[in-house]
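Generate the whole structure from the sequences, applying the supplied hints.
2 protein chains.
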Amino acid sequence: MLSIVLIGTGNVAQQLHAAMSNNKGVKIIQVIGRDKKKLALFNNSLKTATDFESISDADIYIIAVNDDSITTVSQYFKNISGLVVHTSGSMPLAVLPKSVRRGVFYPLQTISKDRKIDFSKVPICIEAEKSEDYELLRELANAISDQVQIMTSDQRKSVHLAAVFVNNFTNHLYHIGNQICNEAGVPFTILKQLILETAKKAAESPVLNAQTGPAVRNDKLTIKEHLALLNNKDYRDIYSVLSNSIQKTHEKKL
Amino acid sequence: MLSIVLIGTGNVAQQLHAAMSNNKGVKIIQVIGRDKKKLALFNNSLKTATDFESISDADIYIIAVNDDSITTVSQYFKNISGLVVHTSGSMPLAVLPKSVRRGVFYPLQTISKDRKIDFSKVPICIEAEKSEDYELLRELANAISDQVQIMTSDQRKSVHLAAVFVNNFTNHLYHIGNQICNEAGVPFTILKQLILETAKKAAESPVLNAQTGPAVRNDKLTIKEHLALLNNKDYRDIYSVLSNSIQKTHEKKL
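Chains as they are written, first to last, in the numbering used here: chain A, 1 to 254; chain B, 1 to 254.
Derived by calculation from the structure, the hints in this document are not laboratory data.
Among the clues, some could well be false.
[As the list claims (entries may be wrong)] Once the Cα atoms are required to be at most 35 Å apart in a straight line, the calculated DSBU-like pairs of lysine-lysine come out as: (1) A:Lys224 / B:Lys24; (2) A:Lys233 / B:Lys224; (3) B:Lys200 / A:Lys248; (4) B:Lys224 / A:Lys116; (5) A:Lys47 / A:Lys98; (6) A:Lys36 / B:Lys220; (7) A:Lys220 / B:Lys116; (8) A:Lys233 / B:Lys24; (9) B:Lys37 / A:Lys220; (10) B:Lys24 / A:Lys220; (11) A:Lys200 / B:Lys233; (12) A:Lys38 / B:Lys220; (13) A:Lys248 / B:Lys116; (14) B:Lys24 / B:Lys116; (15) A:Lys192 / A:Lys233; (16) A:Lys200 / B:Lys200; (17) B:Lys116 / B:Lys200.
[Stated by the list, open to error] One side only, chain B facing chain A, incomplete, derived with CB under 7 Å: (18) Phe119; (19) Pro123; (20) Gln149; (21) Ala163; (22) Val166; (23) Asn168; (24) Thr170; (25) Asn171; (26) Leu173; (27) Ile180; (28) Ile190; (29) Lys192; (30) Ile195; (31) Thr198; (32) Asp237; (33) Ile238.
Just so you know, even glycine gets a beta-carbon here, dropped at the ideal spot from N, CA and C.
Structure follows, in structure tokens:
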């Protein structure tokens, strides 16, 4: 069984803790964090610490803190013999101290407090420097997820960027759709099936062929009318740059 | 049982035909279209016509043609006694001739040939001028869908615009995500769960709170690195206008 020390008390730490609890292959033996209130959210039977002087011995140390804090926090692990990993999509492996066995354990998912996540479906992107550390991370990842992917720091950075497009930006488009419906006095629920169907389509079939709408048809009248309907300049800009890019993308295809 | 004449042989016509076949409450008695090959795609036992001189008598005439052709096609129905409807999201009811009982029957869904659609989940937006025609359209819509929504032409136009954001534009963001993965040599499949989870989240909970990512955190370093990673100028523009709009949206909330 792999013994784990979890560093951090935020969303990622909480979700990892939930996924690793009652797991046959993994045991979290300690949670370290500076926020006492948040530490109390974790299992009472767990050893917790608010300082980095009392780190337990473990196979793997998972630093699940904000990107900006990884460097600072990881200094406390300079002389540790276990494998030290962070959970960031955008930070390279090299932000961790050279003196340790280091790696990355990045769960590729939108993580928020309120929503329970089925971690078995969350892809885990792993990186390490030694083959035995890869094996260790693979064992850890397989214990909580069905999809494990080895990737370099550069690849992970690209995947994180791609995730910003398909997750954060998509989410903002949903927000705009919601706003437009509210202003028109139409329930947003009317768009729910369309949202789900569009996502399923992209997940199942090649994305490029699935493109529909006024931009790809170059339906100038509808585009003009849509721009006139939008009274938020930012939304008009979004409409224009996306329509423009859709048209160029599909021109290239021809 | 409602008798229907379907005008058009494209995706919308084909999907409506599929949804109305073997339906207890509705019977398509004729399909009219100019494309003989496409007409052959419809049920053989159905009366089909390539000209508008031999229109059968029916309760409802559904004009499922391109937006640009609605006006032209609807001229052939000027003297008809049944209810004449079009299926467009962006066209007002008023594009149909004043001389007839007119209405709109707009299925709010991304319709493409290859994908079979469960029409019971597709919201149908209906509009008419007389209460008895509303009843007729409601009966037709209820026969194939669980979600029927009455709306004005203006509301429908707004919903169509909202659909462009949550469907067409979202789809383009998926395409960009796909491109970024391809260039990095990472399988796009790694983003599938994220795509599905983001869509489910929006469909279930208020969209505004679900926003995550570097823009809403105002994580300037990551934003800068992401822009540097994108070698397509259009994609950089999309990244910038969306990040900018996300930041303004969430500033307002504070």
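Structure-based check of all given hints:
Restraint check: the Cα-Cα separation between Lys224 of chain A and Lys24 of chain B comes to about 42 Å, which exceeds 35 Å; the hinted pair is violated. Annotation: proposed proximity of Lys233 of chain A to Lys224 of chain B holds, straight-line Cα distance about 23 Å (limit 35 Å). Between Lys200 of chain B and Lys248 of chain A the CA atoms are separated by roughly 30 Å; this keeps the pair inside 35 Å, and the hint holds. A threshold of 35 Å between alpha carbons decides the hint, and for Lys224 of chain B with Lys116 of chain A the separation of about 32 Å falls inside it, so the pair holds.
Our distance criterion of 35 Å between C-alpha atoms is met by Lys47 of chain A and Lys98 of chain A, whose separation comes to about 28 Å. About 29 Å separates the Cα atoms of Lys36 of chain A and Lys220 of chain B, which keeps this hinted pair within 35 Å; it holds. Of the pairs offered as hints, the one joining Lys220 of chain A and Lys116 of chain B holds, with about 29 Å between alpha carbons and a cut-off of 35 Å not exceeded. The suggested pairing of Lys233 of chain A with Lys24 of chain B is violated, with an alpha-carbon distance near 49 Å, which exceeds 35 Å.
Of the supplied pair hints, the one linking Lys37 of chain B and Lys220 of chain A holds, its CA atoms being roughly 29 Å apart against a limit of 35 Å. At roughly 40 Å between alpha-carbon atoms, Lys24 of chain B and Lys220 of chain A are farther apart than 35 Å, so this suggested pair is violated. Distance check on the hinted pair: Lys200 of chain A and Lys233 of chain B sit about 28 Å apart at the alpha-carbon level, within 35 Å; holds. A distance of roughly 27 Å separates the Cα atoms of Lys38 of chain A and Lys220 of chain B; the hinted pair therefore holds under the 35 Å criterion.
A distance of roughly 29 Å separates the Cα atoms of Lys248 of chain A and Lys116 of chain B; the hinted pair therefore holds under the 35 Å criterion. With a C-alpha separation of about 20 Å, the suggested pairing of Lys24 of chain B with Lys116 of chain B holds against the 35 Å cut-off. For the suggested pair Lys192 of chain A and Lys233 of chain A, the alpha carbons sit about 25 Å apart, so the restraint of at most 35 Å is met. As the CA atoms of Lys200 of chain A and Lys200 of chain B are separated by approximately 10 Å, the hinted pair is consistent with the 35 Å bound.
For a cut-off of 35 Å, the pair hint linking Lys116 of chain B to Lys200 of chain B stands: about 20 Å separates their Cα positions. Taken as an interface hint, Phe119 of chain B does not check out: its beta carbon lies about 10 Å from the nearest beta carbon of chain A, beyond 7 Å. A least Cβ separation of about 5 Å between Pro123 of chain B and chain A falls short of the 7 Å threshold, and the interface hint therefore holds. With a cut of 7 Å, the hint placing Gln149 of chain B at the interface with chain A holds, because the nearest CB-to-CB distance is about 6 Å.
Evaluation of the Ala163 of chain B hint against chain A yields a held restraint, the C-beta minimum of about 6 Å falling below 7 Å. Taken as an interface hint, Val166 of chain B checks out: its beta carbon lies about 4 Å from the nearest beta carbon of chain A, inside 7 Å. The beta carbon of Asn168 of chain B comes within 3 Å of a beta carbon in chain A, closer than 7 Å, and the hint placing it at the interface holds. Restraint check, Thr170 of chain B versus chain A: the minimum CB separation of about 5 Å is within 7 Å; hint holds.
Here the hint on Asn171 of chain B is kept, as its CB sits about 6 Å from the closest CB of chain A, short of 7 Å. With 7 Å as the threshold, the beta carbon of Leu173 of chain B comes within range of chain A, its nearest partner Cβ sitting at about 5 Å, so the hint holds. Restraint check, Ile180 of chain B versus chain A: the minimum CB separation of about 4 Å is within 7 Å; hint holds. Contact between Ile190 of chain B and chain A, as hinted, is supported at the beta carbon level, the nearest pair being about 5 Å apart and thus within 7 Å.
Satisfaction of the interface hint for Lys192 of chain B is found here, the shortest Cβ-Cβ separation to chain A being roughly 4 Å, below the 7 Å cut-off. Nearest Cβ of chain A to the Cβ of Ile195 of chain B: about 5 Å, under the 7 Å cut. The hint holds. Contact between Thr198 of chain B and chain A, as hinted, is supported at the beta carbon level, the nearest pair being about 5 Å apart and thus within 7 Å. A distance limit of 7 Å between C-beta atoms decides the matter here; for Asp237 of chain B the minimum to chain A is near 5 Å, and the interface restraint holds.
For the restraint placing Ile238 of chain B at the interface with chain A, the shortest Cβ-Cβ distance is roughly 5 Å, inside the 7 Å limit, so the hint holds.
The structure fails to meet hints 1, 8, 10, 18 from the earlier list, while all remaining hints are met.
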